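There are 2 protein chains.
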Amino acid sequence: MKKKRIGIIGAGPSGLAQIRAFEALKNQGEEIPEIVCFEKQSNWGGMWNYSWRTGVGKYGEPIHGSMYKYLWSNGPKECLEFSDYSFDDHFKKPISSYPPRPVLFDYIQGRIKKSEARDFIRFDTTARWVSFDEKTKKFTVILDDLKIDKTYSEEFDYLVVASGHFSTPNMPYFKGIENFPGTAIHAHDFRGADQFKGQNILLIGSSYSAEDIGVQCHKHGANSVTLSYRSNPIGVAWPEGIKELPLVTHFEEDTAYFKDGTSEKFDAVIMCTGYQHKFPFLPDELRLKTKNNLYPDHLYKGVFFNNLPQLIYLGMQDQYYTFNMFDAQAWVARDYMIGRFKLPSEAKRRIDIDKWLKKNDKLETGFDDVDFQSDYIKDLLSLSDYPAFDVDKVGEMFKQWLRDKEEGILTYRDKTFQSVVTGTMAAEHHTEWMDELDDSKERYLYEPEEEELIPDKL
Amino acid sequence: MKKKRIGIIGAGPSGLAQIRAFEALKNQGEEIPEIVCFEKQSNWGGMWNYSWRTGVGKYGEPIHGSMYKYLWSNGPKECLEFSDYSFDDHFKKPISSYPPRPVLFDYIQGRIKKSEARDFIRFDTTARWVSFDEKTKKFTVILDDLKIDKTYSEEFDYLVVASGHFSTPNMPYFKGIENFPGTAIHAHDFRGADQFKGQNILLIGSSYSAEDIGVQCHKHGANSVTLSYRSNPIGVAWPEGIKELPLVTHFEEDTAYFKDGTSEKFDAVIMCTGYQHKFPFLPDELRLKTKNNLYPDHLYKGVFFNNLPQLIYLGMQDQYYTFNMFDAQAWVARDYMIGRFKLPSEAKRRIDIDKWLKKNDKLETGFDDVDFQSDYIKDLLSLSDYPAFDVDKVGEMFKQWLRDKEEGILTYRDKTFQSVVTGTMAAEHHTEWMDELDDSKERYLYEPEEEELIPDKL
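Line order of the protein sequences matches chains D and C. Heads up: the first sequence begins at 215 in the working numbering, then just goes up one per residue. Heads up: the second sequence begins at 215 in the working numbering, then just goes up one per residue.
Derived by calculation from the structure, the hints in this document are not laboratory data. Treat the hints with caution; some may be incorrect.
[Claimed, not checked] Okay, derived cross-link-like pairs now, DSS-like style, lysine-lysine, Cα gap no bigger than 25 Å in a straight line:
#, chain 1, residue 1, chain 2, residue 2
1, C, Lys361, D, Lys364
2, D, Lys361, C, Lys503
3, D, Lys283, C, Lys655
4, C, Lys503, D, Lys389
5, D, Lys389, C, Lys361
6, C, Lys352, D, Lys364
7, D, Lys479, C, Lys411
8, D, Lys352, C, Lys479
9, D, Lys272, C, Lys389
10, D, Lys272, C, Lys503
11, D, Lys272, C, Lys655
12, D, Lys503, C, Lys479
13, C, Lys364, D, Lys351
14, D, Lys411, C, Lys352
15, D, Lys479, C, Lys283
16, D, Lys457, D, Lys352
17, C, Lys389, D, Lys361
18, D, Lys364, C, Lys655
19, C, Lys592, D, Lys389
20, C, Lys272, D, Lys505
21, D, Lys473, C, Lys613
22, C, Lys351, D, Lys283
23, D, Lys272, C, Lys364
24, D, Lys364, C, Lys592
25, C, Lys389, D, Lys655
All figures in this text were calculated on a predicted structure; none of them were measured in a lab.
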């Protein structure tokens, strides 16, 4: 019998998790299907593959990454650790709980670098259009090899959509913004705080982007940072130089007016107004339509498109859990594709989805959210042989992290946590986060001599 | 017999010219085919439809427009005048030769606003994928209605690609640019000089974007403007505050190093490095692959895709002539589609294309270029009933414009030209261009009282 063919769109953390899941099977001596992964960037890593470019890339495709310079993990690394490849495995020594982007990117790559994963991936290749043939039950994917400007098509038995959902900005219009004289960009196009030194910055939004970009601009020398929220303020204990105001009503030249009647002049506006789930390569009937939430509708076990479970979506949830969730999803998806995990009927799947949606509707606090996603992870872990880990302990770490942020938005990254994979306690970083302006891997992994640690003695 | 169906991709100046061409026919009492025009923006005008947004638009599609605030025509309006709708028809009085964007946008719209053009256009709709059936000889176009997030497909007998080629940035990599701390964008994302006041700006490139953005930044208060050229400097008489240097070799933080061994610190880099012809919705065999030049290969009469002339490309040339060229092209395309203009065999078309390519290869100076495109326009005008105009005179105006720019890059926009359509001499603008910081239509059309013209007397 001809081998089944599996297409994976995207070689970011989710797509790589899917490849890794099949490799794990191969390492057990099993035969695996034919796998082809399409990645529009020139390298793997998805979001973690930083680009200095904004707008569109060298081949004119929208830039995938929303990462910026000086980005440090905004959650403890112990909450995202692969359970089959620990931080100890990779770094051979304890590191801190909040590493910068290059260090996390290094970690993601470590697991797959020694494998044949790269052979499965066609880089600089974007999926243009997907169709599904009801008779043959196969997907046809039209691909565009950007490097040589050539289109072609291939057939697949299963299609894994792992293209992420933090790439396409959601950017509302505010009256008068078209006449704002300074920089007015979406967080997606923010590449670091350097250019905002000494400036008065307005960030519209109250989620992770606003919080993190605000804190970075403060750290790197912005004159003032104002966060404008639609419904509720972030509400942590802000240091002097950062404040929260209600939503902008409109702009007049460089002045922003707020709902509470106040107004202020700004040098730059950064819209931290979230992202859209966007799948331009999928036809209507295959397209996941959802806002960013913890349990998007139409996905059984959060991954199988209920109308057509041969279509699999990875990582489409709003995320507390990240890498480890993608893994848990990919392992279940793999087992379905090789016939190890059987799906119940569409109607039964619908009932299961509805059960989760109902639970999701009742969530109120951040702690509720964490518990909900922990339950989801446990459910996934029960369905495959992905190495189990202590989900409850990770849940507790997430809650501690939420408390830490509330208490000290500038200091929470100095805290340490214990790995549930290895039991290793994280190291304290050689420099407090607020004093550390260099986010390179070299600087991060550098071990100062003892004297250097006590500058007063020199 | 069923009416032929014509699909037009893009409702910018070229797409609108195509609609207008059919309307002209209808006004002569002829029956016209069924026309559907797809426009991904919410309004018509293509490039002339200014957006404050950069990167992607509200539905996550790459932003089409490359226009910026304070953009004034960089060529005399008499060189782009529609020969069937004059500036006098529209403004009812003489205006200056170099109007700002809102005034030209107003003019483009004037011709079609009173017609039923809008009924032909589906806004917020993007073409996702085109295929051609060799048996039925029809195109199937898969469309995405962005507003309601819904895909569908339609069949067409002819497909007119009028999607422009100044939308997809070409942005080379320069070593070290990823560590440049300031703004680093492509000209496509430049939205006005305000945010660069007092700054030292580096523009990489030596074509229209570099010239015009450089001059605007100078006019609106940049501290210094440096243009960096690959092959040849623009070489006009630059005022103090603007200079040209050879190509950047690399960056180290905020310092740019140049081929001549010099180096300088900059606050911002704007890459004026041109655009790519990009047709992500077309398969390989229908895709025009060309650089920006005066006669792209594979297009008979500059419009008919030679392998499949049912596929028509408008406005794909590098442009001296613009609106009037699109018109001349659209009229010929129309006549082909209604069977009035018969194409010779593919081989004969190939000979004609090669003749033009050979001529194109021999062009050396800007004047040569103008003559070449004038010849092309004359050829087109001989093929349809688009109202003829004195092309030689327009050619002369282009040459005068080239001389004017060389002599006074800050003053050439104060010159006036005579319309070849109406014979009207352009008015002198009430304010010299360098002193005019307001580019609104209201300000432009405003007629000052006589005393106001002599401020010394007040």
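Quick rundown of the hints versus the structure:
no.: 1; hint: Lys361(C) x Lys364(D); result: violated (30 Å)
no.: 2; hint: Lys361(D) x Lys503(C); result: holds (13 Å)
no.: 3; hint: Lys283(D) x Lys655(C); result: violated (41 Å)
no.: 4; hint: Lys503(C) x Lys389(D); result: violated (40 Å)
no.: 5; hint: Lys389(D) x Lys361(C); result: holds (20 Å)
no.: 6; hint: Lys352(C) x Lys364(D); result: holds (22 Å)
no.: 7; hint: Lys479(D) x Lys411(C); result: holds (16 Å)
no.: 8; hint: Lys352(D) x Lys479(C); result: violated (56 Å)
no.: 9; hint: Lys272(D) x Lys389(C); result: holds (15 Å)
no.: 10; hint: Lys272(D) x Lys503(C); result: holds (16 Å)
no.: 11; hint: Lys272(D) x Lys655(C); result: violated (36 Å)
no.: 12; hint: Lys503(D) x Lys479(C); result: violated (47 Å)
no.: 13; hint: Lys364(C) x Lys351(D); result: holds (23 Å)
no.: 14; hint: Lys411(D) x Lys352(C); result: violated (57 Å)
no.: 15; hint: Lys479(D) x Lys283(C); result: holds (20 Å)
no.: 16; hint: Lys457(D) x Lys352(D); result: violated (54 Å)
no.: 17; hint: Lys389(C) x Lys361(D); result: holds (20 Å)
no.: 18; hint: Lys364(D) x Lys655(C); result: violated (44 Å)
no.: 19; hint: Lys592(C) x Lys389(D); result: violated (47 Å)
no.: 20; hint: Lys272(C) x Lys505(D); result: holds (15 Å)
no.: 21; hint: Lys473(D) x Lys613(C); result: violated (55 Å)
no.: 22; hint: Lys351(C) x Lys283(D); result: violated (52 Å)
no.: 23; hint: Lys272(D) x Lys364(C); result: violated (29 Å)
no.: 24; hint: Lys364(D) x Lys592(C); result: violated (35 Å)
no.: 25; hint: Lys389(C) x Lys655(D); result: holds (20 Å)
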